[in-house]
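Engineer: Here is how the chains run, residue by residue.
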Amino acid sequence: MKNLDSIFWAYTLGWAIFFGFYLSVAKRSSDLRAEVERLKKSLSANSREK
Amino acid sequence: MAKRVLLGAAAVLLVIAAAYASFFVAPEERTMGVLQRIFYFHVSCAWAGLTAFSIGFFGNLLYVWKRKEQYDWLGVSCAEVGVAFTTVVLISGPIWAKPAWGIYWTWDARLTSTFILWLLYISYLLLRTLIEEPDRRALLSALFGIFAFIDVPIVFGAIRWWRTQHPAPVIMGGPNSGLAPGMRATFFFAVFAMHILMWFLVSERYSLEKMRSDVELLRQEAEAT
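Listed in order, the protein sequences are those of chains L and B. Per the working numbering, the first sequence starts with residue 1, numbered consecutively. Per the working numbering, the second sequence starts with residue 1001, numbered consecutively.
Do not take every clue at face value.
As the list claims (entries may be wrong) - In silico DSS-like cross-links for lysine-lysine, where the CA-CA straight-line distance does not exceed 27 Å:
(1) L/41 / B/1210
(2) B/1210 / B/1066
(3) B/1210 / L/27
Calculated from the structure, these hints are not laboratory results.
Kindly produce the complete structure, drawing on both the sequences and the hints.
Structural biologist: The following block contains the structure:
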C-alpha cells in the first residue's frame, strides 16, 4: 500500500511525544512526592527535638 | 485518585478506538488514498492543542484579575499540554506534506503561524524558569500568555483569510467545504478522543503544579523552624 510508511511515522512519532510527555510529568510528580515526604519527616523530627 | 485513573483509562480507550475508526471505519479518500488517514490524527491534535491554549488563556486572564495561584497552575498546565499537541501537529504535518505536496515544509500562513504559536508558548515556558519569585513569575507569565494567545485566532483564520499551500478548511470553511458523512463521524470522534486525552494530561500536569506549591510551603515551614 502506497504511503503507509508516512502514516506509520506520523502516528508513531505522535504517540511517542504524548507518551514521553506523560512520562516526564509522572517522573516530576514522583520526585516531588519524595520531596514532600522528606520535608514532612524533617519537620516532624524538628518538632520532636523541640 | 480514582477519578484520575478513570479519566486516564477513558482517554487511552478513546484514542485507541479513534485510531481504529480512522483506519477501518472511515471511507478511503479518492485523491490521496490511505495517506489521508493522517488527517484524523493531525487535525484532531491541532484542535485539542488550540483548546488547551484557549483554556490556558482564560487561566491567565483570571490570574491577572483575581491573583489566585490555581489560575497560574491552570495556565502553565494548559501551555505545556498545548505545546505537546502542537509539537505533534508540527511533526505529523510535514510527514503528510512530503508525499502530498512533494515538500516537507513551506512558509505559508497556516504553517508559519502554527510554528510561531509553538515558539511563543515555548518562550512562555522558558520565561517561567527564569523568574524565581512565585508571584512575579505567575503575573509576568500570565501577561505573556495573554500576549501569546493573540496567535491562536490567527492560526484558526490563516486558511480562511489567505489561500496558500495548506488546504482550505473542511470544517467551518464555508458553503463549498465539508466531509463525507462517514469521514465526518470519524473525525468528530477523533476530536472528542483527543480532547479527553488533552484534559487528562492537563489534570495530571495541574496536580504536579499543586504539589510543587505544597513543597514550597513545606520548605518555608522547614526554614522557619
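Engineer: Each of the hints needs a verdict: does it hold here or not?
Structural biologist: Hint check results:
no.	hint	verdict
1	L/41 / B/1210	holds (20 Å)
2	B/1210 / B/1066	holds (18 Å)
3	B/1210 / L/27	holds (15 Å)
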